[in-house]
Amino acid sequence: MSMKNNNQKLILGIYDDPDKVLAATRNVRKAGFDIKDVYTPFPIHGIDKAMGIQRSRLGISAFLFAMTGLLTAVVMMVYMSWGDDWEINIGGKPNLHIPTYIPVTFELSILFTAFGMVATFFIVSKMAHGKNPTLMDIRQTDDRIVIAVNLHNTGDSDAINKIFQSNGALEVKERDLSI
Amino acid sequence: MAHGHEHEVVIKDEKFVMTAKDKRVSMILMGGGLLLALIGILTNHSEHEMLMKRIWANLLADGYFFFIISICATAFIAIKAIANAGWHTSIKRIPEAMGTFLPFAAAVLIIVLIGGGSEVYHWMHHGITDPTSPNYDKVIAGKSWYLNQGFFWGRLIVFFAVWIFITRKFRKWSLQEDIEGGLSFFDKTYKTAAFFTFFFAFTFSMFSWDIMMSIDTHWFSTIFSIYNFATGWVSAITIMALTAIQLKKRGYLSIVNEDVIHDLGKMMFAFSIFWTYMWVAQMLLIWYANLPEEVTYYLDRTKNGWGFHFYLNLALNFIIPFFGLMTRTGKRNTWWLSFVGCILLFGHWNDVYLMTFAGAMKDHHGISHAPGWGLMEFGFLAMFVGGFIYVLLTSLSKANLYPTKHPYIMESALHDVGV
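Here the protein sequences line up with chains L and C, keeping their order. The numbers in my numbering rise by one with no breaks, and the one at position 173 of the first sequence is 173. The numbers in my numbering rise by one with no breaks, and the one at position 299 of the second sequence is 299.
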């Protein structure tokens, strides 16, 4: 993401049909333009492939969070039951014994994964309470789908406009986004 | 949606042809299996009663394993129908064909119950509920309101009849839809599936108590039926994935894209964890509570040579699928998915083997010693595998390989799980 410019020039294509959006997105990408994002009020199947989005690494973070939870649980339980300074006899079970460890390890792994993934998702998506999201077009929250393309050269505007129009855009407009 | 895709989807009739090699392989499995089993029986030197118990236990374990796989294939169709799911439509003929094995597995179970019931099932022993008999068992006599021959056979016949009837209906409607089209078969399946799911939830529980849990008649577990369901369900899904992969490899089912296979892999992964959850939950509570009437079940299954099968369960049914199918690559590589799938099927057979044999092979002292896997076990298993493959492929060859006029066939063909 370029933070040097205070202004980001965008060209927006506004649609009302997910099939048209898929076709337009593919064609814009095929023509070599830089798609910023596609904003949609509902999920569109296949849009990630059409945009050429890289695979999410959320799964890897989930695994790492799970391992953190697992390790935390095991370290905590071993520490608590090590030696005889805090030995509690429950049902005559041995103090350090694998079956007793299963539920706590399982629960903490899941707890860490769930919380960790939610936190990661919020950070990656830059979502926070009180933060006003930048909307491309207010109608993207209702019944319109917006394709936003970064306009690096003003000369590209006509070509992109043509692709948008030929794929059934309701409206095409340019916008300066101040960051 | 279709235009712009890399390959165009064409819905057309597609017939599977069972080759001579398919027939030969399944015949060799059946015949060779029977031969191995006979050699195993003839070369067995244990006393007659234990040998008979082992033969019946073999038939029971294999019959039960393939029965729950077949009925879970029908449950798969029913659950997908009431959930209004569409992604699986292109592989729907595979569970439909698996269901056609149901009558054969039911016949095996009935033969075992009639022929070997009194040897395998503690509650079927002679005079067990008769206070004057030396065999009298007070605990089992107290359970005789449920476990008596009349009620047992009555409910079993009702379960078998309803399950086989609905399984056949599902398949019949699906095949008829290929010819006539329209929504009426879809609607009928939907309504019947709602009833079946409800009926199945109760009756499968009782079925698992009757056929499996009542071997150890003194013992009981309230989580047992869902644990058995998990065994059948994950095995059924694995067989669907393996069959779909094999058919694709032969050039059939081009309509099934890799995302559908990926989703089957996800289900194999998820339900392996589900199975482990149930398996551990049952064991853990019994271990905690340490009640004599409950722990005997696990003592029977971890001591006297059974421990190997007990820990093998954990390795084959949890550790290997958990790490093997965790990654996206693991689920999308069909060779690897088939490899893990075969391990998984063998692992669940081992689970059913342990459930059955440790209870059924008890001697006069009430102790069972692991006989180990011999020619008999592998022979009977090969026989059932051969029979199952033969019935599955025959049923597949009798109809289109996918329902061409199902309303969700296009959704399934274009199924997409994202990047």
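No lab work stands behind these hints, which were simulated from the structure alone. Incorrect hints may appear among the rest.
Lysine-lysine pairs mimicking DSSO-like chemistry, simulated, CA-CA at most 27 Å apart [what the hints assert, rightly or not]:
hint : chain 1 : residue 1 : chain 2 : residue 2
1    : L       : Lys93     : C       : Lys303
2    : C       : Lys303    : L       : Lys49
3    : L       : Lys49     : C       : Lys398
Okay, the calculated beta carbon distance ranges per label pair [to be verified]:
hint : chain 1 : residue 1 : chain 2 : residue 2 : range
4    : C       : Leu175    : L       : His45     : 26 to 36 Å
5    : C       : Val158    : L       : Gln54     : 48 to 58 Å
6    : C       : Arg24     : L       : Met76     : 57 to 67 Å
7    : C       : His365    : L       : Ile60     : 35 to 45 Å
8    : L       : Phe115    : C       : Thr197    : 31 to 41 Å
9    : L       : Lys93     : C       : Val139    : 19 to 29 Å
Just so we're clear, the structure is a prediction, and the values are computed from it rather than from any experiment. All residues carry an ideal CB built from backbone N, CA and C; glycine is no exception.
Results for each hint:
| no. | hint | in the structure |
| --- | --- | --- |
| 1 | Lys93/L / Lys303/C | holds, 19 Å |
| 2 | Lys303/C / Lys49/L | violated, 54 Å |
| 3 | Lys49/L / Lys398/C | violated, 38 Å |
| 4 | Leu175/C / His45/L: 26 to 36 Å | holds, 30 Å |
| 5 | Val158/C / Gln54/L: 48 to 58 Å | holds, 56 Å |
| 6 | Arg24/C / Met76/L: 57 to 67 Å | holds, 59 Å |
| 7 | His365/C / Ile60/L: 35 to 45 Å | violated, 55 Å |
| 8 | Phe115/L / Thr197/C: 31 to 41 Å | holds, 34 Å |
| 9 | Lys93/L / Val139/C: 19 to 29 Å | holds, 27 Å |
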